[in-house]
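Sequence lines, in order, name chains A and B.
Under my numbering, the first residue of the first sequence is numbered 1, with each subsequent residue one higher.
Under my numbering, the first residue of the second sequence is numbered 114, with each subsequent residue one higher.
Don't read these hints as lab results, they were simulated from the structure.
Any given hint might turn out to be false.
What the hints assert, rightly or not - Stretch-level coverage of chain B by chain A, calculated; a stretch enters the list once three of its residues show a Cβ under 8 Å from a Cβ in chain A: (1) 143 to 157; (2) 172 to 183; (3) 232 to 242; (4) 249 to 257; (5) 267 to 281; (6) 286 to 293.
Predicted, not measured: the structure shown is a model, and the values here were computed from it.
Cβ coordinates follow ideal geometry from the N, Cα and C atoms, glycine included.
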Amino acid sequence: MRTPLCALAEWLPGEGPALLGAHRRICLRCQAGAARERVLRRALVGLADEQVPAPAGLHPRVLAGLGRQDAADPRRALVARAAARHAAAGGLAAATLLALVAGLARRHSRALG
Amino acid sequence: MTAGEVQRAEEELLARARAGDREAFGDLVGRYQDTVYTLALRLVGPDLAADVAQEALLRAWRALPRFRGEAAFGTWLHRITVNSAWTLRKRARRQATEPLEGDFEDRGLPPERAGELAEVRAGLSRALAALTPGQRAVVVLRDVYGWSNAETARELGITEVTAKVRLHRARLRLRALLAGAR
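Let the hints inform the model, and build the full structure from the sequences given.
As structure tokens, then:
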């Protein structure tokens, strides 16, 4: 009979808590499920040997589409853009802070004067 | 040709292709196009597979000067194929011209693969096609191609926990689909 523990053992990925491990060791239903999973995984591994021939037009289409090669790392541009964004945000924050401090200082000096 | 000679010939082709030799790259395409197409087919189905394979091979050509040989060329191509599959799938979803969730099977299988094994594999391919694209990608990369959880997560832009959960759900769904097909 399928118990709530069976359902939980099936639903949770990985080993889960010790209680589920103990359940799996004695539950024939869960052991059958684990055996089915092993069969499935073997079948999936078997698919790796299989190669589907590419369509005949692929090779000429690729060769016709070859443009220029690019040795520059595209991540460098991304990093530079991110750095520029951060610098701009930092500058804006610093300017706002300075303006606030200046405003407060002016108000303070006016109050004293 | 021994395995060593094949390897040396490939390294030579790679060196020439890196230097911009289109003919050498053409030879590499000839060697790897079936592998790339098969992975694309498993990730996105037959409607987009040829486009994904083409995009992956063109990206590989553009990026070849940056290939340092830290991984095998085949592994590097697989990564590019996964990235291309994701880009093209997103683009196709945005344009939403055709549903990508429909059934598909390996239409390119040669006819001599008749019999029980082909039947099991065809059933498995149909079941894979019924998964969500995210589940399918994880199960194909982890269980078919033997990638680690970390590699799979990195290439798909998800966390390792998400990869593990998706894999578990995908296996459960596959088991249910295969049991239902019997």
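Taking each numbered hint in turn, which are not upheld by the structure, reported in ascending numerical order? Those not satisfied: there are none.
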